[in-house]
Amino acid sequence: AQSVTQLDSHVSVSEGTPVLLRCNYSSSYSPSLFWYVQHPNKGLQLLLKYTSAATLVKGINGFEAEFKKSETSFHLTKPSAHMSDAAEYFCVVSDQPGTYKYIFGTGTRLKVLA
Amino acid sequence: GAGVSQSPRYKVAKRGQDVALRCDPISGHVSLFWYQQALGQGPEFLTYFQNEAQLDKSGLPSDRFFAERPEGSVSTLKIQRTQQEDSAVYLCASSFPTSGSYEQYFGPGTRLTVT
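Listed in order, the protein sequences are those of chains A and B.
Position 76 of the first sequence, counted from 1, bears residue number 76 in my numbering, the numbering being contiguous throughout.
Offset between the second sequence (1-based) and my numbering: plus 114.
These aren't lab readings, by the way, just hints derived from the structure by calculation.
There are no misleading hints in this set.
Label-pair ranges, simulated between beta-carbon atoms:
| hint | chain 1 | residue 1 | chain 2 | residue 2 | range |
| --- | --- | --- | --- | --- | --- |
| 1 | A | Ala54 | B | Gly117 | 20 to 30 Å |
| 2 | B | Leu153 | A | Glu15 | 20 to 30 Å |
| 3 | A | Ser14 | B | Leu153 | 23 to 33 Å |
This one's a predicted model, so the numbers in the text were calculated from it and none came from an experiment.
Glycine residues also receive a C-beta, built at the ideal position from the N, C-alpha and C atoms.
If we strip away everything but chain B, and leave its shape as in the complex, we get:
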C-alpha cells in the first residue's frame, strides 16, 4: 500500500518568501506529526494533529509557522517570511494509535533551502 508522501521533495525559497509543504498520510491514520530536521541533527517535533484537531503545537519555532489539517487527512505546513534558519528537512509522519502499538510512519521529507 501507499506510504506517507510529501511534496515537494525539494524547495528553494528566497528569504522572505512564503512556502507551503504538503503531507499525504497513510489512509485511515488518525494521528499526523510534523518534525524539523536540521543538517546533522535528529528530527525535532513541531506539531501534532489528531484527525483535524491540532492538539499540540508546542514545537513550532515562531508564529511564522502554521499547520493545518482541515479534513483530517492531508496536512499543510506553511512558513511565512522564510529565514535562513528555516533551512532544514521537514518530515511528516502518521500513525494509527492502538493499544500498545503506535509507531509512526515517516514520509521522505521536504528539503527546504532558504537563500
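Excised from the complex, chain A in its bound form:
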C-alpha cells in the first residue's frame, strides 16, 4: 500500500533562511507525488507535483522538490523563507492508477520567525 511519512511535525525557521520539509514515501507503483499548503481557514493549495517527468520540480512561491527514487524521498525546499510561508504543509502520494485518490502525510507546521 502507498504511504507517506512527514518526518517533522513542526519546523521553525527565521525569515530569510532556507526551508526544508522532509517527506518519505512508500509505493508499489511509479508514484505521483504532491505538496499542498493549507493556510488557516483556507483550502488546500497545490504547491507542486511530480508525475515521472523531471525529478527536480519547481512550484509556486519559490518552492521546489526533488524526487529521489533511491532514497524514496520528496523533500520540499525554499531558499529563503517569507513570513507568508507560515502554514501547514502536506506531502501526498497518489494511490494506484485508476482512482487517483490521495494518501496524505500527517503534515508539517512551518513557523517563520521575524
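Chain B: place on chain A using the hints.
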C-alpha cells in the same frame, strides 16, 4: 473561474441529528473526492466518484455515511445519527484526469462540530 465550493462552511449538530454537506465541483471535472480531516491530522479519503458513479467508498467509516452525485456534478455527503467522533473538517476535491496530470482542486471544507 470558480473553484470548488462547499456549503455550509460551518455546521453544528447535536448528537443523533442527520447532516448533509454539499460540494459544487469545478465545472466539467469528472472526478470528485471526499476527505475527512480530523483536528491536527492530514485528510483521509472517504469516497470517490467518476461522473455519477461511485467507484470507491472504501474510506467511509460506517454505514451512517452516505454520498451521492446523481447528475455527475454536485455531490452531497450525508451523515446520519451524528456522533462526536464525526466532528472534523470535510473536504471536497475535484479533478479532470488527463494523461500525466491529475491534481485535485480542493474546496474550503465544511467544519462539522457534533455536540
